[in-house]
Amino acid sequence: MSAVLRRLLVYFLAAWVAITVSFLLPRVVPGNPVAGAVARASQSGNCNAQCVIAVEEQLGFNVHTSLWDQYVQYMGNLAHGNLGQSWSENAPVSNLILSYLPWTLGLLVVSTTISFFGGTALGIWMAWRRGSWFEWVLPAATFFQALPYFFLALVLVLIFGQTGTMLKWFPSLFGYDIYVVDPGPNWPYITSVLSHAILPAATVVLSSIAGFILSMRNQMVTTMDEDFVLVAAAKGLPTRTVIWYAARNALLPVVSNFTIAISLVVAGQILVEIVFNYPGIGFHLFDALSKLDYSLVQGIFVVITLVVLGANLLADVAYVLIDPRARQAA
Amino acid sequence: MTIDSTALTQAPLAGPTPKSMLPKVGLRLPRSPKVIAGLALLAPFAVVAVIGRWISPYSPNATDPQHWVQHVLVPGTGPGTGITANYYPLPLPPSAEHWLGTTVFAQDVLSQVLTSTQATLFVGLIAAVIATVLSILFGVTAGYFGGNADEVLSLISNVFLAIPGLPLLIVLADYVPSAGSSILLVAFIIAVTAWAYSSRVLRAQTLSLRNRDFVEAARVTGEGRFRIILAEILPNLVPIVAASFLFTTLYAIYAYVAISFLGLGGSPTSSPPGLWNWGEMLREGFANNAIRGGWWWWWAPPGLCVALLGTGLALVNFGIDEFINPRLRVAGLTRKAAKKAGITSHATLGMTPVVGNRPAVPSLAARSQNVGDAVLEIHGLSVDYGYGDDAVHAVVDCDLVLRRGRVLGLAGESGSGKSTLALAAIRLLRSPAVITGGQVLFHSKPIGGDGPRGTIDMLASDKEELRSVRWSEISVVLQSSMNALNPVITIGAQFDDLLRVHRPKLSRSARVERSGELLDMVGINADRLRSYPHELSGGMRQRAMIAIALALEPQVMILDEPTTALDVVTQREILEELIGLRDRLGFAALFITHDLSLLVELADEIAVMYAGRLMERAPAASLFNAPRLPYTHGLIHCFPPMHGKRERMQGIPGSPPDLNDLPKGCAFHPRCAWAMEQCRHDVPQLAPVNGSAREVACWLHRGDAKVPAELARPDPGVAEVHA
Chain A
1 MSAVLRRLLV YFLAAWVAIT VSFLLPRVVP GNPVAGAVAR ASQSGNCNAQ CVIAVEEQLG
61 FNVHTSLWDQ YVQYMGNLAH GNLGQSWSEN APVSNLILSY LPWTLGLLVV STTISFFGGT
121 ALGIWMAWRR GSWFEWVLPA ATFFQALPYF FLALVLVLIF GQTGTMLKWF PSLFGYDIYV
181 VDPGPNWPYI TSVLSHAILP AATVVLSSIA GFILSMRNQM VTTMDEDFVL VAAAKGLPTR
241 TVIWYAARNA LLPVVSNFTI AISLVVAGQI LVEIVFNYPG IGFHLFDALS KLDYSLVQGI
301 FVVITLVVLG ANLLADVAYV LIDPRARQAA
Chain B
331 MTIDSTALTQ APLAGPTPKS MLPKVGLRLP RSPKVIAGLA LLAPFAVVAV IGRWISPYSP
391 NATDPQHWVQ HVLVPGTGPG TGITANYYPL PLPPSAEHWL GTTVFAQDVL SQVLTSTQAT
451 LFVGLIAAVI ATVLSILFGV TAGYFGGNAD EVLSLISNVF LAIPGLPLLI VLADYVPSAG
511 SSILLVAFII AVTAWAYSSR VLRAQTLSLR NRDFVEAARV TGEGRFRIIL AEILPNLVPI
571 VAASFLFTTL YAIYAYVAIS FLGLGGSPTS SPPGLWNWGE MLREGFANNA IRGGWWWWWA
631 PPGLCVALLG TGLALVNFGI DEFINPRLRV AGLTRKAAKK AGITSHATLG MTPVVGNRPA
691 VPSLAARSQN VGDAVLEIHG LSVDYGYGDD AVHAVVDCDL VLRRGRVLGL AGESGSGKST
751 LALAAIRLLR SPAVITGGQV LFHSKPIGGD GPRGTIDMLA SDKEELRSVR WSEISVVLQS
811 SMNALNPVIT IGAQFDDLLR VHRPKLSRSA RVERSGELLD MVGINADRLR SYPHELSGGM
871 RQRAMIAIAL ALEPQVMILD EPTTALDVVT QREILEELIG LRDRLGFAAL FITHDLSLLV
931 ELADEIAVMY AGRLMERAPA ASLFNAPRLP YTHGLIHCFP PMHGKRERMQ GIPGSPPDLN
991 DLPKGCAFHP RCAWAMEQCR HDVPQLAPVN GSAREVACWL HRGDAKVPAE LARPDPGVAE
1051 VHA
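Residue numbers (the numbering used here), protein chains in the order written: chain A, 1 to 330; chain B, 331 to 1053.
Note that these hints are calculated values from the structure, not bench results.
Treat the hints with care, as some may be off.
Computed footprint of chain A on chain B, listed as stretches where at least three residues anywhere in the stretch have a Cβ under 8 Å from a Cβ of chain A [what the hints assert, rightly or not]: (1) 587-599; (2) 620-631; (3) 637-647; (4) 751-765; (5) 798-806; (6) 823-835.
Calculated Cβ distances over 10 Å to all of chain B for the following chain A residues [stated by the list, open to error]: (7) A49; (8) L67; (9) N77; (10) L78; (11) G84; (12) A91; (13) I97; (14) L101; (15) P102; (16) V110; (17) I114; (18) P188; (19) P279.
As the structure is a computational prediction, the values presented were derived from the model and not from experiment.
Glycine included, each C-beta is placed from N, C-alpha and C at the ideal position.
Generate the whole structure from the sequences, applying the supplied hints.
Written out as structure tokens, the structure reads:
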């Protein structure tokens, strides 16, 4: 089986498992999840009669068809892009997710790009100037890496956010100023969106960059010990070429581990969105959870999985582009 | 929350690092400052996790109504909402009574932090145990059994790896409502989302272990599969398992804190009660406007606890990484130590630092006038690994002269310092190497191209001056051509980068043509320019490397065991080619090898090194047929000659000396059959034997010592040298 087909099979299976798990869980978990869910919801005052019916239907309770028939119907609907109906928003889940997704993807792409390229560049530099003053970044990076994303978000809000109590420099609530500007292609809206993205993006970058710095630094240190880097120096090539030779090889394991990195960034961003009430899928996942809107929860989970799988596929393509050995296996 | 560990991201280790001269291998895990710092951070948490319940001043749930001084309206109650106004007390900032202040419910924050430590830590540890067991089961089984089992198990772990962990965890935790009230249940759910990564790493490592000799041996002796896994494989996986255990602990703690922050862990005050943990504290603070209120004492301590615990785990993991991957460890040179040693330049690759106050080499001027046909002169060169008292003296006071168009052989066992000497001369040694003394002069008379002329002091040169002679005048061929060629670019590109930098006037097509010619010269079809290194055989790669080394018509080629990694037939072909090329192109070569018999056919002169010192130097035929040094005698008799009659091999008893702990006197005396009393005390210096052109550092040839018959054979080369 060629490497490409193998990867595609993994992604296909991963998507299938994610979808099936989210279908199966509410239906096979022992006890009566509906009663429990309704009890919890009414305790918080979030679930009305309409909610109870919706929850029952979502969880296959009081639905008198076999599990298999429900599954076939669920998969059939999915194939048509139908993720069900959200009772809390009273709208098709797929439409809702499409409206949330740009916020999440925008934030994710911008901050991951900054973090990946910035972190990698810093890691390369640190490895090259080993033993210099720059080494102090190492313990600092370790500490930053250990900060949970949402905790850093809280700290940044406290210090820089307008809902915090200190500097009040940047907006720290919502994706744009919902009281002042009208969404659409107008200048005030665009600047509002950008200024509202500063703190969430800074949080994601600061939390994730340390990981990229450390892994690139370690890979680079290891690669610089290879003979071909020594030969590049012996060849009298300019320093930047020597560094590039080492860096391109050191990048290979970093790129192949992008899978786990991107999962962690996505997970972190979900929590960051919640802290900032940022209108992406992470915040709405949280919202849907508290409203027991299970079809929305399931839909968002499936879409997040697909986004992560997509990012993995991109990383695979990048890997093949920079490693001729993988290119031939592909 | 990104977690990284090179131990986990590295390609499986292929045995000990070859050829690296790591002087300090004795660094054990617990002594690493990182591990100590990490353990120091972790220890208080471990203690509090156990006794936290009993040392907390209050119950985490107890409210302290006496201090309800000021009140705030609960959002969504009071006038205009139709709900009776409901008030929270204003939380108290840290005070003597409440060291970390109180929550908005007038609960003691310190007590909550202390109580929370237990659940948080235990969930992390238990989840890590479960995940590690799962990953060993899946990873080791897949790696060891291979075939279909591997296909299926790897597929499962790759699928789990591709599904984003936290979202899956959220869905799982959400549908298991009582999850929050049971440490075991939470830990299990987290473990299910966390095992796949370690499993993949363990599989790769097991795969590489499976084919090692000791495992093969166990298999041949008929040990059962599970016994082999338990007794042979698992012990070798311990560092990796440890690294992935810490990694998973960290991940599990983050995951638990995250789902609690989302409110999926259950509230400690609801029914069934959830457990107090740091995530729950953060959730309560966030949900009750602690940010807006500026009540940092409420939510900052649990967040900092997570960060400190995470830092501690990461530091210990660094230690394990450095244990697994020694390359990360040999940083060696701190700035302070460098300054103390008088080194101003920074130690970068290709710029081996030279100690500023190194002893002057006497009579340099006199020597320079007698340069004659010398092209590379090395005088009194000394090289240390590391600084100060810990330094290992890898090369001590060595003199060598390479003459134009000649081949100088440099022989010795591995670790004798021969490569160190050669690479130090051209400033290519890596950190922590430091050149502590001597002088290296390169007398340049370019054969082709436009390289610099005249004498260049290699140890005093700056980066630009070194670059001007590198490769264009002095090129290097290293032992393993697989590693010497950049694996991700074509052979052609590795000619091209060189020509572009050193021959800027050549057009692109001229560069390609020249590269083709060069490949052709070493017997490789020019088509191969488009190939990648992995597409060539070992012999072809080494030929390509030699072609690259000749590309700029250098005056000197340093060949560092260029044929050692090849089979005997290829070795012979390449050597013959090298001799032919040398005759045609007229470069001088410094040929480093541990195989003296190779040098006899190739070299004009041979120098033998032992424990960092030159011990014997003579014309090739003289040295080979009539060695004067006991060590040389041993070297000659431990390699079968390529031609000639069969002889009984003797070899040298004992093993090469530890440079950290050299014997007193002559370093070779413990292994020497003819060692005398003087050999145990005084270091012999290299000096002429009986006024001839050859030199030896051995007390047997000094004074009235009786020279053994083996070391006094008639010298066939003396007459030739004198003539």
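Comparing the hints with the structure gives:
Counting residues of the stretch 587-599 of chain B whose C-beta sits closer than 8 Å to any C-beta of chain A gives 6, which meets the bar of three, so the coverage hint holds. A stretch counts as covered by a chain when three or more of its residues have a beta carbon under 8 Å from one of that chain; for the stretch 620-631 of chain B and chain A the count is 7, and the coverage holds. Coverage of the stretch 637-647 of chain B by chain A holds. Counting CB-CB distances below 8 Å, 8 residues qualify, and the rule asks for three or more. Counting residues of the stretch 751-765 of chain B whose beta carbon lies closer than 8 Å to any beta carbon of chain A gives 4, which reaches the threshold of three, so the coverage claim holds.
Figure legend: the stretch 798-806 of chain B, annotated as covered by chain A; annotation consistent (7 residues with Cβ-Cβ distances under 8 Å, at least 3 required). Residues of the stretch 823-835 of chain B lying with their CB closer than 8 Å to a CB of chain A number 4, which satisfies the three-residue condition for coverage. The beta carbon of A49 of chain A sits about 20 Å from the closest Cβ of chain B, which is more than 10 Å, so the claim that it is off the interface holds. Under the 10 Å C-beta cut-off, the non-interface status given to L67 of chain A relative to chain B holds; the minimum distance is some 15 Å.
Taking the minimum C-beta to C-beta distance to chain B, about 18 Å, the non-interface status of N77 of chain A holds against the 10 Å cut. Taking the minimum C-beta to C-beta distance to chain B, about 16 Å, the non-interface status of L78 of chain A holds against the 10 Å cut. The beta carbon of G84 of chain A sits about 15 Å from the closest Cβ of chain B, which is more than 10 Å, so the claim that it is off the interface holds. Non-interface status of A91 of chain A relative to chain B is upheld: no Cβ of that chain comes within 10 Å, the nearest being about 21 Å off.
I97 of chain A, annotated as away from the interface, keeps every beta carbon of chain B farther than 10 Å; the closest lies near 13 Å. Distance check on L101 of chain A: its Cβ is at least 14 Å (rounded) from any Cβ of chain B, clearing the 10 Å threshold; non-interface status holds. Chain B leaves P102 of chain A outside its interface by the beta-carbon criterion, the shortest separation being 19 Å against a cut-off of 10 Å. Every CB of chain B is more than 10 Å from the CB of V110 of chain A (nearest about 17 Å), matching its label as outside the interface.
Separation of I114 of chain A from chain B is adequate, the least Cβ-Cβ distance of about 14 Å exceeding the 10 Å criterion. Against the 10 Å criterion, P188 of chain A stays outside the reach of chain B, whose nearest CB is about 25 Å from its own CB. Every beta carbon of chain B lies more than 10 Å from that of P279 of chain A, the smallest distance being close to 17 Å; the non-interface claim holds.
Violated hints: none; the structure is consistent with every hint.
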